[in-house]
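**Student:** Put chain B on the given structure of chain A with help from the hints.
Listed here are the chains, written in short residue letters.
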Amino acid sequence: MALVFPFSAIVGQDEIKLALLIAAVDPSVGGVLAFGDRGTGKSTAVRALAQLLPKMKVVVGCPYGCEPGRPAPACEHCRGLDESKVKSRQVQVPVVDLPLGATEDRVVGALDLERALTQGVKAFEPGLLARAHRGFLYIDEANLLEDHLVDLLLDVAASGENVVEREGISIRHPARFVLVGTGNPEEGELRPQLLDRFGLSVEVRTPEDLATRIEVVRRRDAFERDPEAFVAKWKKEDDKLRRRILAARERLPEVKVPDATLESAAKLCMGLGTDGLRGELTLIRAARGLAALEGDATVGDKHLKRVAPSALRHRLRRNPLDEAGSTVRVERALAEHFGA
Amino acid sequence: MTDQDRTERSPWADAVLAATLFAVDPAGIVGIAMRSLPGFARERWLATLKSLLPSDAPVRRLPLHISDSRLLGGLDLAATLRAGRPIAERGILAETDGGVLLVAMAERVSAGTAARLAAVLDNGGVVIERDGIAIDTPTRFGIVALDEGMTDDEQPPTALADRLAFRLNFEGVSAEPPAEDAATAGDVAAARARLAAVTAPDDVIEALCGTALSLGVWSIRAPLLALAVARAHAALAGRSEIAKEDAAVAARLVLAPRATRLPLPPPEEEPPPPDEQQQDDQPPPDGKNEEQQNVEDRPLEDMILEAAKAAIPAGILEQLRLAGRIKPRQPSTGRAGHLQKTKLRGRPAGVRRGEPRSGGARLNVVETLRAAAPWQPLRRRERAMSGGPERSARVEVRKDDFRITRFKQRTETATIFVVDASGSAALHRLAEAKGAVELLLAECYVRRDQVAMVSFRGKAAELLLPPTRSLVRAKRNLAGLPGGGGTPLACGLDLAIALGDQIRRKGQTPFVILLTDGSANIARDGSPGRPKAEEDALASARALRAAGITALLVDTAPHPRPLARKIAAEMDAMYLPLPYADAAAISGAVKAVSPPRESLAG
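Chain order of the listed sequences is A and B.
Quick note on numbering: the UniProt record's numbering labels position 40 of the first sequence as 40, and the sequence is numbered without any gaps.
Quick note on numbering: the UniProt record's numbering labels position 436 of the second sequence as 436, and the sequence is numbered without any gaps.
Here chain A stands alone, though its shape is the one from the complex:
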């Protein structure tokens, strides 16, 4: 496998890096959507994340990679297993690419053509959704994704289960994943339903100051000329970050959310008129994830403030005549609430 650009070597782009780290600490924040300028390294960040994630334990032989001791209810393989006899092994957390041009059969899984043709056996061949279980599903150019695939994803992302009814196959399997999408808003907008599935949404801008740009070019050049040396050079940083994710995961259940913070979050969401409770929930979860990453024991306003733009900007009701973008509106509301 070709080497990928190390996560910690990415210059700037703090918002997307933070959002991905939070999602790595607490997958329940929902996915991450990164929209922005071309060539800003959105895909680089996501691919780098794959290398960064700590390994996870899976049940040996389970086609969906269930967690030992906590099999997914929909998993047919693990349902009947005797817990004490389950063997486990460490694997890389899957970051599965949903390439453009993917066909439905490969996404949801279908009849195993090879076995059907050669042996005449009707067997199920799991698709990308199965592979992404407990990991990340990455859609580059999310706004160019075929509509029927979007429909499919929406359904699975909501239920955490993939139901396959094809070619006489009838199967249900767990498919719980963090959806990560990137795209360019100039190629068209995203369907609101899909937008809503993403917990955090970040805007990626081309860095405009010279020093940052020079550093980007320099590191990229160094990486392309000698990937092994470059990756080796950054390994320490990546390892450090990995340990931070692990520590944050352990800390997460203990991080407290005081009532005052809950109230702050609720007021903020009310002030912005976000639809539904999902915004509030995501805001709190993301803030908790951030607190865990930072090593803080309680979630405070400073955490809310940092994650609010990502958690809320895509949930605002659209007001096309408001010149200010949604980021500005969130920032305005933050300033009002926290008097910053």
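A few of these clues could be false.
Stated by the list, open to error - Result set (DSBU-like, lysine-lysine): computed pairs, CA atoms no more than 30 Å apart in a straight line:
1) A:K267 with A:K55
2) A:K122 with B:K399
3) A:K305 with A:K256
4) A:K305 with B:K475
5) A:K57 with A:K240
6) B:K475 with A:K17
I should point out that these hints are in silico values taken from the structure, not numbers from a laboratory.
**Tutor:** Structure of chain B alone, referenced to chain A:
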């Protein structure tokens, strides 16, 4: 070829140089966008490029409407049937590994195809998840985008253009005999061997980044591509480190054509735009420009609209307008309908069981095969028992197995706002029209309709917003709008007709909304005078009707006059007096009268 850049360069020589550098490092330089109609010069240039590439490098042509299975790969049906087990087939992209892909008619490449190409370029491999096959094939190639666009509206998709280092324009360029010191395939091969060892000193990297920034080249890919070009140039010259002259060539060939503004203030080091380039013996910009770190980061459109227009040479301005131009996406959402012709067109929207004969629906061979597959052993046994022929077909397909692909296609509506920006009321009218554009876009972006905007004032009409469905883009383009001056109504209508025609050729339905008070006073040729101007306006109105474009005229005059009504009649347009037109009223009116949505077929 060390000192070659000191001599005066013709566009042809530049093109040959670009081809040479590209041949040295196709994967790093990624590609060349070549804007030219097919012709002798282009053929000669392509032949030159081919002669410089290694003899075993594949050169493949990418047809415009290639299917995913040919582009990316998939199931090789013939081989699968022959072998009785699934055999994967490589697509064109994988076949081009190590070579060059020629993208014909690049200006018509869909955003979808461009995104697929971009993904392969970015991943360094073709990742397919298709037809029951999952393969990751490492693939590196260069791209030559043959852009045959003739108008500014016809551009290769930006997702593709942004990744190609060179932008050449062959309009009016004729082929020249090869220069005496022209690089040979041998030189290129030697440079290729040297390439990896060429180092980039920090000041070169800084200079390229600085130049890009002060020319308003925002994409961070541009300096990276410039660096690759400089490296190839150094390798070709036999240097082990990138020198100033290498960086200068890279800045001239890669950065200047992308410039969106002239440097502020123009430092001497900046390379002038290519068409004015006489000499290029200026030293490359060196780190001195760092004062420019804090270059004004005003949005581009301010530059266009406020002042810079006159100051920027035509070549640069053209680039400005091209920046961010986007190919419309294929339509994809909507209701099911029954347009016969769309049975075979549009994008696939799933597969269902059905007869390929009914209504000419297209058989999906792979799905059919898939459906037939599990039954094969059974059917063979069955046939043997019923005493059928000994050697039956390898795969028995029955009627039940037939799967047909459903296609979705919808005729999109593209609403063209034609706004009278003349006189004192202009600003208000423009602001409201702009509001209406944004409202419409915000409301119909789910349906993916498009909106465009044309304004006319002074002596001419101007395309302010090419058809788009992007709210982000509309906001940016419409941020500042000039107003005032005469009323060249005829020009406005003419531009709307031309645009309508273009939209129709893309398979969309144009719908014109004219916001004016109807008091034309500038004739088509730009001369003042009411009678001539009115006559021209009426003639253009008739032309609009002849073109069969549905229209609505919103009369914004405080006291509606008969002329506007007359123009509406000539246009066969609906007439709507709205003296205090506001954004909401306009968008409401548009929604009420816009042509019925044609639906998609299944």
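**Student:** Can you give the numbers of the hints that this structure goes against, from lowest to highest?
**Tutor:** 1
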